[in-house]
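**Q** So you can see what is in the structure, the chains are spelled out below.
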Amino acid sequence: MRTSRLRAYARFLGASLAVNVQAVIEYRVNFLVQVFGMMLNNAAFALFWGVLIGKVGNLGGYGFSDVMLIWALVSTSFGLAHVVFGNVRSIGAIVQKGELDLYLLQPKDVLVNVLASRTVVSAWGDFLYGYIVLALIPGMDLSRLALFSLLSVSGAAIFAATFAAAESLCFFLGDASGISDAITEFLLSFSLYPETIFDKGMRWVFYTIIPSGFIAFLPLSILKSAAWLLVPAALGVAALYAAASYGFFRLGLRRYESGGQMGTRL
Amino acid sequence: MPAISVVNLGKSFRTKVRPEGLSSSLSSLFRPSYRDIEAVRGVSFEVEEGEVVAFLGPNGAGKSTTIKMLTGILRPSSGKALVLGLDPSRRRAELARSIGAVFGQRSQLWFHLPPSDSFRLLGAVYEIEPKDLARRRAELVERFGIGDYMDVPVRKLSLGERIRCEIAASLLHDPRVLFLDEPTIGLDLVVKREVRALLAEIAKRDGTTVFITSHDVGDIERICKRAIIIHHGSVVVDESMKELRHRSLSRKYIGVKYASPVDLDFGAIRPVKRTETAASYVVDTNEHRLEGLLRALVGRGELEDLTVEDEALEDIIARIYKAPKAGEAQ
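Chains as they are written, first to last, in my numbering: chain A, 1 to 266; chain B, 267 to 596.
Careful, some of the hints might be misleading.
[Unchecked claim] The calculated DSSO-like cross-link candidates involving lysine-lysine, where the alpha carbons are at most 30 Å apart (straight line), are:
#  : chain 1 : residue 1 : chain 2 : residue 2
1  : B       : Lys588    : B       : Lys518
2  : B       : Lys491    : B       : Lys508
3  : B       : Lys346    : B       : Lys588
4  : B       : Lys491    : A       : Lys97
5  : B       : Lys491    : B       : Lys458
6  : A       : Lys97     : B       : Lys508
7  : B       : Lys458    : B       : Lys508
8  : A       : Lys97     : B       : Lys518
9  : A       : Lys200    : A       : Lys55
10 : A       : Lys97     : B       : Lys282
11 : B       : Lys470    : B       : Lys458
12 : B       : Lys470    : B       : Lys508
[What the hints assert, rightly or not] Label pairs and their computed distance ranges (CB to CB):
#  : chain 1 : residue 1 : chain 2 : residue 2 : range
13 : A       : Arg255    : B       : Pro396    : 49 to 59 Å
14 : A       : Glu26     : B       : Gly484    : 50 to 60 Å
15 : A       : Val112    : B       : Leu455    : 39 to 49 Å
16 : B       : Glu509    : A       : Ala18     : 43 to 53 Å
17 : B       : Glu360    : A       : Asp175    : 42 to 52 Å
18 : A       : Ala18     : B       : Arg421    : 18 to 28 Å
19 : B       : Asp414    : A       : Ala18     : 39 to 49 Å
20 : A       : Ser65     : B       : Ser291    : 53 to 63 Å
Treat the hints as calculated values from the structure; they're not laboratory data. For each residue, glycine too, the CB sits at the ideal point set by N, CA and C.
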């Protein structure tokens, strides 16, 4: 019974992704511009870091390749979260417009259904960018590629869980877009800088509400030391975040009030 | 077991009271006050399997809120609803496999993709085996005559073409109960007729229970056998279409036209509209004898035209809508 349910969800997620990709490829030029534009945008930061570290030397013990590995991990994780769960930062808007109705009418888990019903075009650029950077850093082999991919899956799950929880605040606060945007900014910004430059006293934040530690810093050390044994722990932490976020969404869903606005599925 | 059973269903929403003026707004930041609005109260009815029921009411009467509680979108504040024996608020996903819904103002088809892609995804959503999906799809494409649109992006379809695809999509998983909220809104007359014919056929051929809300009386007259009218959040009428029409039998609309000007006043019976040579009257046959009036009309001058009609269903419903809230003075 359990396996058949899992198979049904796998088929659903596969079909959703296929439909979402078809929908964005409908506008081919837009798709290509956004994907390559995002990769170029990320590459500009690599240049900035290259110049900075070239001038001041290592930063808090992080060399250029460390910073690039962090960028690769964060970029691919962030990209993956938005490629598969494209609506993860739109939950608030969907709830406020009463568009959750459509998903509630279908026999699938509401949160999974909402998240999976869109893909973000530029996120494909983020997703690919991480792999390109990884390929350019010396020491690349199949084992490292596999480890990187697994850590990106756990990172993507933590990104998605944090964003989904932040967006679910809308059930309780009405418009929570400001708070959600701030959490997004914090999480991305803190994840992209070496952990050691931050004050020790505030590092606990990175392992709780702004989980940059689990998205960037810990995966970086696992990747650098090829600590495969820690991978299950990383995935376990991701599962915990996902479960907590799911619970928070369900709690909010009880307060859903729908709405009468007209809408279409894009 | 009835397909839908509703007992004392109620739903209230809590809304913040927004005071006027800047200072009151500022103080409400710290001490907000709330008010409960009862959208639906004490609604009870039953719908048997295979019945085609119109669920009517003026804007804001609580129709959509009720449908949303029956489909598991909203949780009732009080009372109980069972659809196909399941409580929609507790067993939403399980119920969703057996019900279909078309909300005229919302689309479940992907706007940028052809319906065929949406159908494939819906197949995965409802866990329909690929072979069954292909068979069911072919059947619906033929019945709804949508073969030519299946590979055209939805954004390029007309509203009429889209709604046909929309209804076909809602039937893909062969639901036992179909909820329709304003399915013909914005459609032209020809498409409206086509959609009504399709809905009537679904109910008749497949025995699907159809629960429909609409402001278009034509939808109700042609498809439904029974009407439930809800007003101010409560059921005010629940009877067969036949009974509803009988409400009008004592009211007759009489139109008359003469070749030359005549006196058109008949004491207690005054025309509701008149020119020098024509007039129309609304007569309650419980108060006035129709025969006497007709004789008098014929005797007044050289008749060019005379019509006697029952009150239109639209007017009957409008009268019910205008009735004051229980407990309020007329």
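**Q** Next, verify each hint and record whether it holds.
**A** Evaluated hints:
1. Between the alpha carbons of Lys588(B) and Lys518(B) the distance comes to roughly 20 Å, so the proposed pair stays at or under 30 Å and holds.
2. With a C-alpha separation of about 8 Å, the suggested pairing of Lys491(B) with Lys508(B) holds against the 30 Å cut-off.
3. Distance hint between Lys346(B) and Lys588(B) is fulfilled; the C-alpha atoms sit about 29 Å from each other, no more than 30 Å.
4. Proposed proximity of Lys491(B) and Lys97(A) is contradicted: the alpha carbons are some 34 Å apart, above 30 Å.
5. Taking the CA atoms of Lys491(B) and Lys458(B), the gap is about 18 Å. The hint holds against a cut of 30 Å.
6. A C-alpha spacing of about 39 Å is found between Lys97(A) and Lys508(B), which places the hinted pair above 30 Å, so the restraint is violated.
7. Under the criterion of a C-alpha separation no larger than 30 Å, the hint pairing Lys458(B) with Lys508(B) is consistent with the structure, at around 22 Å.
8. The hinted pair formed by Lys97(A) and Lys518(B) fails the criterion: a straight-line CA distance of about 46 Å is larger than 30 Å.
9. For the suggested pair Lys200(A) and Lys55(A), the alpha carbons sit about 26 Å apart, so the restraint of at most 30 Å is met.
10. Between Lys97(A) and Lys282(B) the alpha-carbon distance is near 18 Å, which keeps this suggested pair within the 30 Å criterion.
11. Distance restraint check for Lys470(B) and Lys458(B): the Cα-Cα separation of roughly 18 Å lies within the 30 Å cut-off, and the hinted pair is therefore satisfied.
12. Distance check on the hinted pair: Lys470(B) and Lys508(B) sit about 18 Å apart at the alpha-carbon level, within 30 Å; holds.
13. Distance hint for Arg255(A) and Pro396(B): a CB-CB separation of about 38 Å, inconsistent with the stated range 49 to 59 Å.
14. For the hinted restraint 50 to 60 Å between Glu26(A) and Gly484(B), the CB-CB distance of approximately 37 Å leaves it violated.
15. The beta-carbon spacing between Val112(A) and Leu455(B), approximately 42 Å, falls within the hinted interval of 39 to 49 Å.
16. For Glu509(B) paired with Ala18(A), a C-beta distance near 52 Å keeps the hint of 43 to 53 Å intact.
17. For the hinted restraint 42 to 52 Å between Glu360(B) and Asp175(A), the CB-CB distance of approximately 33 Å leaves it violated.
18. The supplied range of 18 to 28 Å is met by Ala18(A) and Arg421(B), whose beta-carbon atoms lie about 19 Å from each other.
19. Restraint check, Asp414(B) to Ala18(A): a C-beta distance of roughly 24 Å breaks the suggested window 39 to 49 Å.
20. For Ser65(A) paired with Ser291(B), a C-beta distance near 55 Å keeps the hint of 53 to 63 Å intact.
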